[in-house]
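**Q** Sequence:
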Amino acid sequence: MSRSSAETGLSLEALADAADRANRLQRVTDRLAEALTPQQVLDAILTEGLRAAEARAGAIGIVSEDGEWIELLAQRGYKRPILTEWGRFPVSAELPMSHVVRNGEPLFLESLKARNELFPNLEGRGRDGHALAVLPLALEGRILGVIGLSFGDDMVFSEERRKMKITLARQAALALERARLFEAEQAARQRLAFLAEASELLGSSLDYEQTLSRLAHLSVRRLADWCSIDMVAADGSIDRLAVAHEDPDKVKWALELQERYPPDPDAPHGVSLVIRTGKPEFLPELPEEMLEEAIGDDDVLREIVEQLGVRSSICVPLNARGRTLGALTLIAAESHPPYTSADLELAIELARRAGTAVDNSRLFQEAEKGANAARALAYVADGVVLIDGSGVVRHWNPAAATITGVPEEEALGRRVHSVLPAWESLVSHVPLVGPDEALARPVTVPIVLQGRELWVSASGVDFGEGTVYALRDVTDEHALEKTRSDFVATASHELRTPLAAVYGAVRTLRREDIELREEDRLAFLEIIEDESVRLTQLVDQILLAGQLDANAVQIDLEPCDPVQIASGVLESASLHLPDGISLRVESNGVGAILCDANKLRQVLVNLVDNAVKYSPKGGEVEIRVDSEDGECQIEVADQGLGIPSSERERIFDKFYRLDPQQSGGVGGSGLGLYICRELVERMNGHLDVDSEPGKGSRFTVALPASG
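If you count by this note's numbering, then the sequence shown holds residues 166 to 872, one letter each, in order.
Simulated from the structure, these hints should not be mistaken for lab results. Be careful, since some hints might not be right.
With a straight-line Cα cutoff of 30 Å, these simulated DSS-like cross-link-like pairs (lysine-lysine) come out [claimed, not checked]:
| # | residue 1 | residue 2 |
| --- | --- | --- |
| 1 | 819 | 647 |
| 2 | 444 | 415 |
| 3 | 244 | 328 |
| 4 | 819 | 778 |
Bear in mind the structure is a predicted one, so any value in this text is a computation, not a measurement.
Based on the sequences and whatever the hints tell you, model everything.
**A** What follows is the structure, encoded as C-alpha cells:
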C-alpha cells in the first residue's frame, strides 16, 4: 500500500471514530434533553453516558451547599455497594473525587498503578477498575458535583477521548442545573400552595387550639414525619398542644413519652431553647454528640430515640408582636428526606402565620371577655370593616385604613360607597356566612384604589344587623406569583427555541438518506455550537437574576480605569461584528472610578450587544466616557430602532420584553437590562436611557469617581 493510501485509510478511520463519538454524545444529549428531574438526569448519565464514554462503571457525587462535603447520589456497574461504603465524604479527603472538586480540573489515571501513586491511601482498595476518569460537573465557575468513570483495563486517554469525556461532563452539568432549577420551581409552587392551604386553615376558626392541631396534621401530610406544637402557658411553663404522625399508635406513644420525660425549660437545645431565645433551631443532620448528651445513661430513652429514627429537625418560634408564644417542631424520620434551608424558610413563614393567627385569636377572646373588640381589632393585621344594615361604616380598623388609604376618621359614620367607590366591585364577589357558620374561603379580587391596582383577599360574616368584612392586601403575593409565572413562560420559550435549532441540526446530520457536503456539515455544527452558547448564556442570566434577588452577588469595589474597560469590551465585540456596524470609544481624560471591574464589564458587554442587536440597518455604536460633578458617565449609543417613550422605564423590569413589532422581531429573555441596572445600582451608580424611535438609543451608566 502506498503512503498516500495508508494516510487516506488513517484519515477515514479517524473520521469514523470522530463520527462515532459524535453519535454517542448525541444520544447522551437526547436523553439529557428529555430529563426533567435530577434523578432522571442521573439515570441518563449512568446509562447513555457510560456507554458514550465506554466506561464499565460510574458514580456521581454532588457538592453540599456549604462546599465541605461530597455526597454520592448514584452509581452503576460496580460490584461493591459503594453508596453504602463511601456515601458521604469531605472535600478535603485524599480521594480522586475530592481532588477534582478542590482543583476544578479533570483527572485522568490510566492504570491502577497511577491511581495508587497519586493516592497511596487507596492501595489495596477498590479493584473494580483500572483506568479512571474523574470529571468536575462545573457551571459558571461553580463546581456542582463530580462524575467518576471506571474502566475494566488500563487505558491511554488520547486527546480526543479526553475532550469527549470533558464535553460529556459539561452537558451533564448543564442538564443537572436545569433539572435543579425545574425542581426548585416546582418545590416553590408546592410551598406556596401549602402556605395558602395553611393560611386558609389558620383563618377558618378563632379556636386556635383546634386550629393548631389541624395545622400539625397538615404539616405531617406535607412537610414531616412528626410535627409537634408547644405553647407557653400563663405561668411560663411549656404545654404540648399537639402531636401529629400518620400512625395514631405512635402519637399515643409520643404523648406517654412526654409525660415520662417532661421538657427541661433550661435545656440547651430543642423547644426550650427556641422559646427562650425566640430564634429557630435547624439541624439538617442530628449531631451524634447532641443525642448522647440528651440520652445520657438512660438505656430506655436510647431505645426510644433509636425507634424514632430521627434524621433531621426544625424547631421554629411562634412569634407575634415581639413575644414568643410557642414553638413548632418538624422532624424528618423514616420517610421524609433531611431538611434543607428552603424547608427552614418555609417553616419560619408557617410559624409566623401561625403565631399571628394565635395572637389574633387571643385578642378576639380577650375582646369578648372584656367587651373591648375595637381595641383588639386595632392589633389585627387584617383589615376589619363593619357595615350596618343601612350601609354606614361603624368600624374601620387601622389595617383597613392602611389597605384602602382611607383614614379611620374619614370612614366612620359615612356610607361605605361614598368612602370607597370601588366597594361594590369588591364585596359583590365575597360569599357571606352566618355568625354560627364556618368561614367561607376568602376570595381574591383586583380593585383600583386612588389610581393604583390592589389585589385584596376578602371574606364576610352577616349577623343580621350588619356585616363584618375581613380584608387582606395580597398584592405583593399576587405579583410574586405573576413573576414566577412569567419566569416559567419566558424560560420555557427561550430554552425551547435554541433546543429546537439544535435538535433540527442534529436530526439532519444523523439522516443517512441525505449526503451532506463538508461545508453543509460544518454549518450545522456551527448552529449546534451557537445555540449551545445561547443556552449557556440564558442559564447564566437566570442564575444571576436569582442571585440578585437573593442578595447573593458579591460586589468588590476598587479603583478602575473605565476607558480601559470600555476599550476591552469593544475590542471583544469587534471579533464577531455584523456587516454595516462600526465601533468606537471616545473619552476626555477620565480618571479612575470606584467599581467592580468584572461587573462593569458585564454591564457594558450587555449594552453593546443590545446596541448591535437592535441596529438591523447597521450604523455606529459608540462608547463615550466623560466625567462630571464627581462621577463618571459611560454612554453606549447606537443608531438603531430606538425605544418608544412609554416603554423606557419598563425595559428595566424583570422579564419585560418589547413587542416584536417595536423590536424588529429581536427576541430576548427580558433579563439583560434588569441585571444591568441591578449591578450598576449595587456599585452605587445609576443606569438611565434616552431614546428616539427610528434614530437610536443612548444608555448612560453613572458611577462615582475614585477618591
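**Q** Which earlier hints can't be squared with this structure?
**A** none
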